[in-house]
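71 is the number that numbering that gives the first Met the number 0 gives to position 72 of the sequence shown; each next residue is one higher, with no gaps.
It is worth saying that the hints were derived from the structure and are not from the lab. Yeah, the Cβ is synthetic: ideal placement off N, Cα and C, and Gly gets one too. Mixed in with the good hints there might be a few duds.
When the alpha-carbon atoms are kept at most 20 Å apart in a straight line, the in silico EDC-like pairs for lysine to aspartate or glutamate are as follows [stated by the list, open to error]: (1) 66 to 55; (2) 88 to 141; (3) 66 to 118; (4) 88 to 55; (5) 88 to 118; (6) 66 to 21; (7) 66 to 83.
Computed Cβ-Cβ distance ranges for the label pairs, DEER-style [claimed, not checked]: (8) 46 to 104: 28 to 34 Å; (9) 73 to 48: 31 to 37 Å; (10) 83 to 139: 30 to 36 Å; (11) 141 to 18: 32 to 38 Å; (12) 139 to 93: 39 to 45 Å.
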Amino acid sequence: MAKSEATTVDAGGRELRVSSPDRVIFPSTERSGAVTKIDIVNYYLAVEDGVMRALERRPTTLERWPKGVHAGIVVSTREKGGGDAFFQKRIPRGAPDYVQTARIEFPSGRHADEICPTEVAVVGWAAHMGTITFHPWPVRRDDAP
0 MAKSEATTVD
10 AGGRELRVSS
20 PDRVIFPSTE
30 RSGAVTKIDI
40 VNYYLAVEDG
50 VMRALERRPT
60 TLERWPKGVH
70 AGIVVSTREK
80 GGGDAFFQKR
90 IPRGAPDYVQ
100 TARIEFPSGR
110 HADEICPTEV
120 AVVGWAAHMG
130 TITFHPWPVR
140 RDDAP
């Protein structure tokens with residue numbers, strides 16, 4: 000399949016570039032058609048009120064499936080890297096300036112700067128990066144010093 004041209008969508012007043020919008024994330028089944036990357040982005044933008052109630056100002060781990068969901072997929076773990084899908088605690092390189100973070104300190108003494116959505120454009124951008132599921136912490140960034 001040829002690579003599709005990038006497109007842009009309005010994400011809460013920001014222009015969000017979505018590369019490979021026709022990439023299949025969930026293949027078609029006998030009950031439904033294929034779900035593409037642009038479908039996932041548009042879904043999260045359409046449910047802005049609910050998704051922002053769940054994520055706003057919360058440190059959030061991204062569950063990324065950049066190649067989509069398919070038979071034989073391998074999810075990376077700490078013990079076994081190199082999978083097709085992975086959990087990302089740290090903010091990805093190249094994040095737009097409007098993506099804010101929250102510093103998370105772990106018992107080991109290590110830390111991570113996780114995304115901390117403050118607007119729906121952050122959610123749309125993460126979906127563009129292959130995020131299917133968002134895992135927010137049960138606290139907001141301002142709850143702890």
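Going down the list of hints, with the structure as the test:
1. 66 to 55: violated, 27 Å
2. 88 to 141: holds, 19 Å
3. 66 to 118: Since the Cα atoms of residue 66 and residue 118 sit roughly 25 Å apart, the hinted pair is violated (cutoff 20 Å).
4. 88 to 55: holds, 16 Å
5. 88 to 118: holds, 19 Å
6. 66 to 21: Roughly 12 Å separates the two Cα atoms, so the pair holds.
7. 66 to 83: Holds, at roughly 7 Å.
8. 46 to 104: 28 to 34 Å: Because 31 Å falls inside the window, the suggested range holds.
9. 73 to 48: 31 to 37 Å: Holds, since residue 73 and residue 48 (Cβ atoms, about 35 Å apart) stay within the stated range.
10. 83 to 139: 30 to 36 Å: holds, 32 Å
11. 141 to 18: 32 to 38 Å: holds, 33 Å
12. 139 to 93: 39 to 45 Å: With Cβ atoms ~26 Å apart, the hint is violated.
Checked against the numbered hints given earlier, this structure breaks hints 1, 3 and 12; the rest are met.
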